[in-house]
Amino acid sequence: MEKLIMLSPGKTTSINLAIQLEEVFGKYIKVEPYCLKDDLDFDITSSLVVLSSPRIIDKRIQALINSGLNYVIARRVINHRHLSELLDLPRATEVLLVNDRAETTYQTIEQLQALGVNYIKYHPYYPGIASYPKLDIAVTVGEPNLVPYEVKKVINIATRQIDITTLADIARRLKLIDVLGDSLSSHYVNEIIRLLNRINDNAKDMKVISNRLETVANCLPVAILYVKKDG
15 MEKLIMLSPG KTTSINLAIQ LEEVFGKYIK VEPYCLKDDL DFDITSSLVV
65 LSSPRIIDKR IQALINSGLN YVIARRVINH RHLSELLDLP RATEVLLVND
115 RAETTYQTIE QLQALGVNYI KYHPYYPGIA SYPKLDIAVT VGEPNLVPYE
165 VKKVINIATR QIDITTLADI ARRLKLIDVL GDSLSSHYVN EIIRLLNRIN
215 DNAKDMKVIS NRLETVANCL PVAILYVKKD G
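FYI, the numbering for the sequence shown is 15 to 245, going by this note's numbering.
Since the hints were made in silico from the structure, they are not lab data. Take the hints with a grain of salt, since some may be wrong.
What the hints assert, rightly or not - Straight-line Cα separation of at most 25 Å, PhoX-like style, residue types lysine-lysine; simulated pairs:
id : residue 1 : residue 2
1  : Lys51     : Lys73
2  : Lys166    : Lys148
3  : Lys73     : Lys25
4  : Lys17     : Lys41
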């Protein structure tokens, strides 16, 4: 394979996910972002294409698949590196959850609730929505340009990232799993540990620490033993 193509509906998401792929695979293969508005002019015989979701498959992409496109459908998860500000919101705070499409907006709400950040009341907002409550706070996954103008505070938890199982699948397709397998796991565990340290520094009591550690740990595929310096 000569190229790793990131393909998503919108350009912003495609670029952000391509950056993630570049961090992991850029040493070994060229990474290029594409969106549905682009001409899909890459060579399908020498490219591995990462689709941001199964629902991106339209007539053009289906035609490429029928012609032998080598592709992976990405599984996407909340970006742990940007959760701190969201975790600081008081219980029962009402926020707009802003994303580019209805489907991804509701999916993000479901993922946040599944992670344990379910004490915040999320109201969906996306371009073309018929009505929405006028609120002071908006939470967005990498789409701050879509936030309604009347919002006073924007919490950007960044584009949902490609999960580690998809990255491992890509590594296998590129015959890089023996080279990258260990580093994939350690990279994401290290990110979680850094987040746990920030939570520990900012929390005001042990109950808050416990609740927040549990929230973050709920999204981990591996176990972490977290111990303070004094034991």
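Evaluation of the provided hints:
1. Lys51 with Lys73: 13 Å, holds
2. Lys166 with Lys148: 10 Å, holds
3. Lys73 with Lys25: 19 Å, holds
4. Lys17 with Lys41: 12 Å, holds
Consistency note: the structure conflicts with none of the earlier hints.
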